[in-house]
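Student: Here are the chains, one letter per residue:
There are 2 protein chains.
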Amino acid sequence: MIIDEHTMQQPDQPPPIFFVSDGTGITAETLGSSLLTQFDEGHFAESTLPFINTAAKAREALATVEAAGRESGTRPIVFSTTVNDDARTVLREGNVLFLDLFDAFLGQLETALSKPSSHRVGRAHGIADADAYQSRIEAMNYALAHDDGLATRGYEQAQVIVVAPSRCGKTPVSIYMAMQFGVFAANYPLTDDDETDTRGLPQALEPYRDKLYGLWVEPHQLRVIRDSRRRGSRYASIDQVSAELGAAQRLYNRFSVPWADSTHKSIEELATLIMQQKNLRHAIF
Amino acid sequence: MIIDEHTMQQPDQPPPIFFVSDGTGITAETLGSSLLTQFDEGHFAESTLPFINTAAKAREALATVEAAGRESGTRPIVFSTTVNDDARTVLREGNVLFLDLFDAFLGQLETALSKPSSHRVGRAHGIADADAYQSRIEAMNYALAHDDGLATRGYEQAQVIVVAPSRCGKTPVSIYMAMQFGVFAANYPLTDDDETDTRGLPQALEPYRDKLYGLWVEPHQLRVIRDSRRRGSRYASIDQVSAELGAAQRLYNRFSVPWADSTHKSIEELATLIMQQKNLRHAIF
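Listed in order, the protein sequences are those of chains A and B.
Under the working numbering, the first sequence has 155 at position 155, and the numbering climbs by one with no breaks.
Under the working numbering, the second sequence has 166 at position 166, and the numbering climbs by one with no breaks.
Read the hints as simulated data drawn from the structure, not as lab findings.
Be careful, since some hints might not be right.
Note: identical chains are not told apart, hence a pair may lie in one copy or across any two.
Unchecked claim - Lysine-lysine pairs mimicking BS3-like chemistry, simulated, CA-CA at most 30 angstroms apart:
{"#": "1", "residue 1": "K211", "residue 2": "K115"}
{"#": "2", "residue 1": "K115", "residue 2": "K278"}
{"#": "3", "residue 1": "K211", "residue 2": "K57"}
{"#": "4", "residue 1": "K278", "residue 2": "K211"}
{"#": "5", "residue 1": "K57", "residue 2": "K278"}
Bear in mind the structure is a predicted one, so any value in this text is a computation, not a measurement.
Chain A extracted, bound-state conformation (with noise of 0.2 angstroms):
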């Protein structure tokens, strides 16, 4: 293999990766990374360069990324969000494969739609729609108030009552929900006191059992996760654990609550099987 004196060729190097948009980068790092997962390359070089929203922007953020590439003697892959025109033509003229949301589908929606398309920046994630970023903003709140049972007041403003033993992941998915999806979601923990066979369901809940979904998660996941927090614990023993667990999950039968296992599965996984499984999506009008 030939080595140019300019570029340390390592061939078993993989291109780096840049992110680069006019707004915060957020769309191109999804897009990419969604895309990125389907190769096995263990670990891409990936840097974002975001807010590059005039020509001579651009022109600064190509000399980095063309610098990346002649460094890694590999042509880079820049994963492009940009809107604005100007910058947009000086990206696609560097020595990169320049993959672009906007050049891929925009074409294909005008038609669609009818219409052409606006060229504005950063309307993905900045405050395009004012109410719809403010009632998220409001969610976050809600779900942070809510969380681990801390106010059970204003469980009728909820729209899901995450429940669980400690540490099935709760609060987690609570405030995923609210940030990435606007929902009103509180959760609430099952203790020892709670679960016993013979009560009902907690009292702050019963009023509202149609909103409730139940986390699960396997015995011993949940012992060394509780290890690691409070090590050599009753509360992180397993007979502990499974006494919670096992009653939890009596009580999610006895009362109808759906519930999930959350042992192998993402917050994104949860929050998604969530919203599906209680109605919380967009409805399909």
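Using the hints provided, position chain B relative to the given structure of chain A.
Tutor: Chain B alone, transformed into the frame defined by chain A:
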């Protein structure tokens, strides 16, 4: 205009939008929503159909999509991130505008990376990389435990400590950075006391000057936000708000704390700015 008896043609109605995926559909939603912000249609009727990972489920999904098309008298638009070939084959044959992320880009990526893609489902928002996933969860636990000055121990682990007067947006931006980027983000409220011009930084922050990032918001907006929480209170008065914001700004200047005006910025834009200015993005190797 001829109205077919089977299609209630409503010429001004935009086509229904569907996000279809064999995973969570979050990438398809992000991609599609970004593109749709380029059209000032007002509100599209949007639905997400996740976990479409077999030909049978795809046929069911397609029936739903095509029914919505007939109902509206338009051709539905489907944003797809379906990797499963069986499902994709079915979906592609529907009477829809089929915009497929993988069709558009995967071929070019396979060429650039000189290898075939794995066509494995659910890797984008599943637990594809267990270590990366675990560190995101830890970041989120950290952000929640270190919200609003709750725990000031453990600041040595923080990658950034967001400071601002109450209700300037510290909490959502910290949690967003943790969830989206796996950043260890604490936040600490600036109160009147801390910020008197004769005193230094709050004691808890003093050792961590380099980690601070300030937020600021226009006094009028902060007044409105606070008033909606505690109507007519001194806390929400323009005098109090202006005094706190003035003191915060002096503190930022005196201690060279980088800061952003969050008045017209979304959580995502603020998070991106902070990541950029504090060098928390993936380093450019």
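Student: Each hint should be assessed against the structure and marked as holding or not.
Tutor: Results for each hint:
In this homomeric assembly, K211 and K115 never come within 30 angstroms of each other (Cα to Cα): the closest approach is 42 angstroms inside a single copy and 47 angstroms across copies. For a Cα distance limit of 30 angstroms, the shortest separation of K115 from K278 qualifies neither inside one copy, at 36 angstroms, nor across copies, at 41 angstroms. In the homo-oligomer, the alpha carbons of K211 and K57 lie at most 30 angstroms apart only across protomers (27 angstroms), although the nearest pairing inside one protomer, at 49 angstroms, exceeds that limit. Taking the shortest Cα distances, K278 and K211 sit within 30 angstroms of each other inside one copy (8 angstroms), while across copies they are farther apart (41 angstroms).
Taking identical chains as interchangeable, the C-alpha atoms of K57 and K278 lie at most 30 angstroms apart only when they sit on different chains, with a minimum of 19 angstroms there against 46 angstroms within one chain.
In summary, the structure is inconsistent with hints 1, 2 from the numbered list given earlier, while agreeing with the others.
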